[in-house]
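Use the sequences and the hints to build the structure in full.
There are 2 protein chains.
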Amino acid sequence: MKRPLILVSNDDGVTSKGIRNLVETMKDLGEVIVVAPNSPQSGMGHAITIGNTLRLDRTDIFGDDVVAYESSGTPADCVKLAKHHVLKDRTPDLIVSGINHGSNTSISVLYSGTMSAAIEGAIEGCPSIGFSLCDYAQDAEFEHTLPYVKAIAQQVLDTGLPRYTTLNVNFPPKRNERIKGIKICRQARAKWEEEFDQRFDPNGRRYFWMAGNFVNFDKGEDNDEWAIANNFVSVVPCQFDLTAHHTISMLNDEWDIKID
Amino acid sequence: MKRPLILVSNDDGVTSKGIRNLVETMKDLGEVIVVAPNSPQSGMGHAITIGNTLRLDRTDIFGDDVVAYESSGTPADCVKLAKHHVLKDRTPDLIVSGINHGSNTSISVLYSGTMSAAIEGAIEGCPSIGFSLCDYAQDAEFEHTLPYVKAIAQQVLDTGLPRYTTLNVNFPPKRNERIKGIKICRQARAKWEEEFDQRFDPNGRRYFWMAGNFVNFDKGEDNDEWAIANNFVSVVPCQFDLTAHHTISMLNDEWDIKID
Numbered sequence: 233m234k235r236p237l238i239l240v241s242n243d244d245g246v247t248s249k250g251i252r253n254l255v256e257t258m259k260d261l262g263e264v265i266v267v268a269p270n271s272p273q274s275g276m277g278h279a280i281t282i283g284n285t286l287r288l289d290r291t292d293i294f295g296d297d298v299v300a301y302e303s304s305g306t307p308a309d310c311v312k313l314a315k316h317h318v319l320k321d322r323t324p325d326l327i328v329s330g331i332n333h334g335s336n337t338s339i340s341v342l343y344s345g346t347m348s349a350a351i352e353g354a355i356e357g358c359p360s361i362g363f364s365l366c367d368y369a370q371d372a373e374f375e376h377t378l379p380y381v382k383a384i385a386q387q388v389l390d391t392g393l394p395r396y397t398t399l400n401v402n403f404p405p406k407r408n409e410r411i412k413g414i415k416i417c418r419q420a421r422a423k424w425e426e427e428f429d430q431r432f433d434p435n436g437r438r439y440f441w442m443a444g445n446f447v448n449f450d451k452g453e454d455n456d457e458w459a460i461a462n463n464f465v466s467v468v469p470c471q472f473d474l475t476a477h478h479t480i481s482m483l484n485d486e487w488d489i490k491i492d
Numbered sequence: 233m234k235r236p237l238i239l240v241s242n243d244d245g246v247t248s249k250g251i252r253n254l255v256e257t258m259k260d261l262g263e264v265i266v267v268a269p270n271s272p273q274s275g276m277g278h279a280i281t282i283g284n285t286l287r288l289d290r291t292d293i294f295g296d297d298v299v300a301y302e303s304s305g306t307p308a309d310c311v312k313l314a315k316h317h318v319l320k321d322r323t324p325d326l327i328v329s330g331i332n333h334g335s336n337t338s339i340s341v342l343y344s345g346t347m348s349a350a351i352e353g354a355i356e357g358c359p360s361i362g363f364s365l366c367d368y369a370q371d372a373e374f375e376h377t378l379p380y381v382k383a384i385a386q387q388v389l390d391t392g393l394p395r396y397t398t399l400n401v402n403f404p405p406k407r408n409e410r411i412k413g414i415k416i417c418r419q420a421r422a423k424w425e426e427e428f429d430q431r432f433d434p435n436g437r438r439y440f441w442m443a444g445n446f447v448n449f450d451k452g453e454d455n456d457e458w459a460i461a462n463n464f465v466s467v468v469p470c471q472f473d474l475t476a477h478h479t480i481s482m483l484n485d486e487w488d489i490k491i492d
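Chains as they are written, first to last, in the working numbering: chain C, 233 to 492; chain R, 233 to 492.
Incorrect hints may appear among the rest.
For identical chains, the list gives no copy identity; a pair is met inside one copy or between any two copies.
[Said to hold, decoys possible] 30 angstroms max Cα-Cα, derived BS3-like pairs, lysine-lysine:
| # | residue 1 | residue 2 |
| --- | --- | --- |
| 1 | 249 | 382 |
| 2 | 259 | 451 |
| 3 | 406 | 490 |
| 4 | 259 | 234 |
| 5 | 259 | 490 |
| 6 | 451 | 490 |
To be clear, the hints were calculated from the coordinates, so they are not data collected in a lab. The structure presented is a predicted model; accordingly, all values stated were derived computationally and were not measured.
Right, here's the structure in full:
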């Protein structure tokens, strides 16, 4: 039986611990190809590189049995480069992104480079998954997530995903208690309340650091924030049609704009 | 009567023709404050600046009657800076972004810096609109769009928008025929098929330019691509809950992952 082709990307860059763990886990499931950023790209959202050039270079960082490339591009660029240049006529059976160092629950899915790679996979019509660990440490502990990473990837290889959907999978940080299981969730209603820390450079010119506080407004127990807080793996199926379909008829009814 | 407070941003930067037209048009409707990028940020998607500093400087580029700032940040950063630093205790009655030099119909909403500023406005709970002209030229003709820009902004000031929604408004390029009117639409199903133009720098090292071809798969007449092709203004109400709600029950039914 032919081994599945698995494309791996991320947003923390090829040298991060998270992608190393993801590549090692995916090697048990299929042939692994890596195209990932050559430097950290956190918070890049669904950015792509327009009006600038892209680098793409081979790297042996994952050993001899993994074909791997590092790129100057964003996570979305990396998936595009993989699909349309590196792989060309081959279509991945699965695209996985991560494992991100940090949470991508709730509203963070919009800002997430990890998820932009997964969403780009879905746009390309490939089953895809973004994995994130709710622990920002560079030396975060990933061991407890790996049996779930493997099982979820195998599930998607076996049963696929509805077309044009991707999965946003988040793991609780390593705790004393074992993970309780998986919850299929919706995206929690939450936001970042930003604070801007104003400073002055040696020339006396002002600059800022953005420092956000995460605020969860969601009282439900069917969302990803609840799942993580209660030591479950959260799995949010995501799609990329942003249309607020339920408001179309209302606007059609309410608006009456005529320009002479 | 108190004049409404209107925050203006964009992704082409403060010097672009599109934002100049938008600011002039908004001055008829209220008090205008500008916080926009100091350089072009096209294709930045919903990127935010993490792990790097932000600049924010006053500019008099829009004349004496408009308080304006230019920032090194992304469009989403600009809205965050405006809301949480520049305006602080004042909440905009309307946030507008654009007018973008280039189309943001269908899938481009995901890659669009223009729309990320509008979506960020919606996240902050403010009525917001992203305006884009389907003409990429720096000296594009905006005149034919301005009566619609003004009327749509006035409509939203008058009747508001459903909470957590924003509008993705696209205008056809200047044609011989007059614009036929407004269509409230859904996002068309389309994608960019990328081609990577491979070149070599003077040191012999490889680099790429991304060159995309837009492919429209959508046969419907209720979507934004159809509207623009038929010389209507397209208005797509957008929301930022990416959950594919309709797939949750299916995944709950299909999956049976247990880790011992």
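Structure versus earlier hints - violations, ascending order: Violated hint (a single one): 2; every other hint is consistent with the structure.
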